[in-house]
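Visitor: Once you have looked at the hints, place chain B on chain A.
Protein chains: 2
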Amino acid sequence: MIPEEEITTIVNTGDDLELHGLYISPDLDIIMYTLAGLVDEEKGWGIQGDTFNCLKILGKYGQETWFRLGDKDLATHIRRTSLMSEGVTLTEVTRRLCWSLGLKIKLLPMTDDRVRTAIRTPIGLIGFQEYLVKRMAQDEVLEIIFEGVELAKPAKGVVEAILDCTGVIVCPSNPLVSIGTILSLKEIRDALMKTNSSVVAISPIVRGEPIKGPADKLMRGVGLKVSAVQVAELYKDFLDVFIIDSIDKELKNEIEKLGVRVVCTNTIMRTQDDKISLAKVAIEALQKASR
Amino acid sequence: MIPEEEITTIVNTGDDLELHGLYISPDLDIIMYTLAGLVDEEKGWGIQGDTFNCLKILGKYGQETWFRLGDKDLATHIRRTSLMSEGVTLTEVTRRLCWSLGLKIKLLPMTDDRVRTAIRTPIGLIGFQEYLVKRMAQDEVLEIIFEGVELAKPAKGVVEAILDCTGVIVCPSNPLVSIGTILSLKEIRDALMKTNSSVVAISPIVRGEPIKGPADKLMRGVGLKVSAVQVAELYKDFLDVFIIDSIDKELKNEIEKLGVRVVCTNTIMRTQDDKISLAKVAIEALQKASR
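As they're listed, the protein sequences go chains A and B. Position one of the first sequence corresponds to residue 247 (our numbering), numbered consecutively onward. Position one of the second sequence corresponds to residue 247 (our numbering), numbered consecutively onward.
Check each hint, because a few of them may be wrong.
Same chains, same names: a pair is fine if it fits in one copy or spans any two.
Derived DSS-like pairs: lysine-lysine, alpha-carbon spacing no greater than 25 Å straight-line [as the list claims (entries may be wrong)]:
{"#": "1", "residue 1": "Lys503", "residue 2": "Lys440"}
{"#": "2", "residue 1": "Lys289", "residue 2": "Lys302"}
{"#": "3", "residue 1": "Lys302", "residue 2": "Lys350"}
{"#": "4", "residue 1": "Lys352", "residue 2": "Lys306"}
{"#": "5", "residue 1": "Lys306", "residue 2": "Lys350"}
Derived by calculation from the structure, the hints in this document are not laboratory data. Keep in mind the model is a prediction, meaning the values are calculated, not measured.
With the rest of the complex left out, here is chain A:
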């Protein structure tokens, strides 16, 4: 068991958006709610048992309601916006919110600067949440852009966490947006290459398909193959071990040719036990690997 206090989670903020004058950070929120045991498991986002009364009236006021903000969830955005308008950083806001919800795991936004993931589509350049939620990932993906990334620095503690830890796990999230957005910060990618800790990643692609989300459309859109091999290719410059699903075990040799060790296991997390098993495999892989 690794004590929760010793875990740092570095989170994508490229999906952040402002709606109704509120600063919303979808990935920080979903991770915070999940770790606090508050997440609506059925929906996969938001807070369980939430109501949508505020949004109903915002709709009456002519506002867009495609981003489903629950009433409880709104408290997070209201509090965050209020603190940020006083000049408090997103990192510090996140620390305070997590503290209030009793989280011991440290949550860090990848940056306190403004980076926005935008998708170039035939209808123009749109924000990632607009692409994903409003337009339900139906538009052809022509290009993925991380607006502001050239000027952005990792948040305080991010590079330090990577350099000083005993191991890094790259979770099975979207390799182009989500993980890709975090990696778009040069100093973070550099830290992953430089650290003495081992880096393990879990493939988000199983049998040529993403476990959830539109990774396939994004990968195809920018001319990549939708496969665990392709993901390993994207990560190979910092990756020590790649965990792929047992279903994909025939890809092992091909991936190992990239200089990355491969571990095969069940990576599809349906139950709490599935999650625990996969975490154990990842931690074991970290312990065995060494640079």
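Guide: Quick look at chain B alone, frame taken from chain A:
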């Protein structure tokens, strides 16, 4: 019947406050919700059937929850705050919100400038809502202050409405705060004196007691008597007709000595019919009076 479009309501904004980074205008809101048929009649504020889920989580985040912001109600504050942060005036925000809710009556904040009603008490100077809601009007009132009033101008349309109308009704609200706050804007008081229209007021004090709210505590606190006569005294420089409750008919002579005509009727509004009857008496009084 006066067509709704021809009625302008000038509203106190001295009770406005910022909470959780949101701009809240309690008097505009209650009047807007009431006219839109949305108000929670039982509570006397907020929107009927509202929930308080957002506030619960704001409490979890360590925020004060004495000002009971419902989830539906929050939409008003979120939208208003968002528009105001873009530089839209409170007058224009109010126009848009009212339009969305189908209101035909014109609602005007008394000013687009910042005026704040503050109460000096033994524990210090506190905002009016803090005095009224948080501390439940329990503190001794030493002084009433309208912060910012010297620099404030009436909102566009307010003075014009008073000068160009066929009659003014000063509603039975708190004569020191609420009505007093509106009157603290010199140009509004001047317009009431200057207008060729008649001005009718309805006494908020019946048998030496306010119908609701802490008017008695405020009046006593600043050394005034709690009586309809005292209210007439406060309004006499612009008032043509004062409507008092039939219960107080023995005060008629005393008030008429101030140069104000008096009409006696039932002023306590328990039912919709009571409201309609009183409105009719007020309109009749306006029609009979002339300057």
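Visitor: All hints, please: hold or fail.
Guide: Here's how the hints hold up against the structure:
1. Lys503 <-> Lys440: within (21 Å within a copy, 91 Å between copies)
2. Lys289 <-> Lys302: both (19 Å within a copy, 21 Å between copies)
3. Lys302 <-> Lys350: Cα proximity of Lys302 and Lys350: across copies only (22 Å, versus 35 Å in one copy).
4. Lys352 <-> Lys306: Only across copies: Lys352 and Lys306 sit 19 Å apart there, 39 Å inside one copy, limit 25 Å.
5. Lys306 <-> Lys350: The answer is between: 16 Å across copies meets 25 Å, while 40 Å in one copy does not.
The structure shown violates none of the earlier numbered hints.
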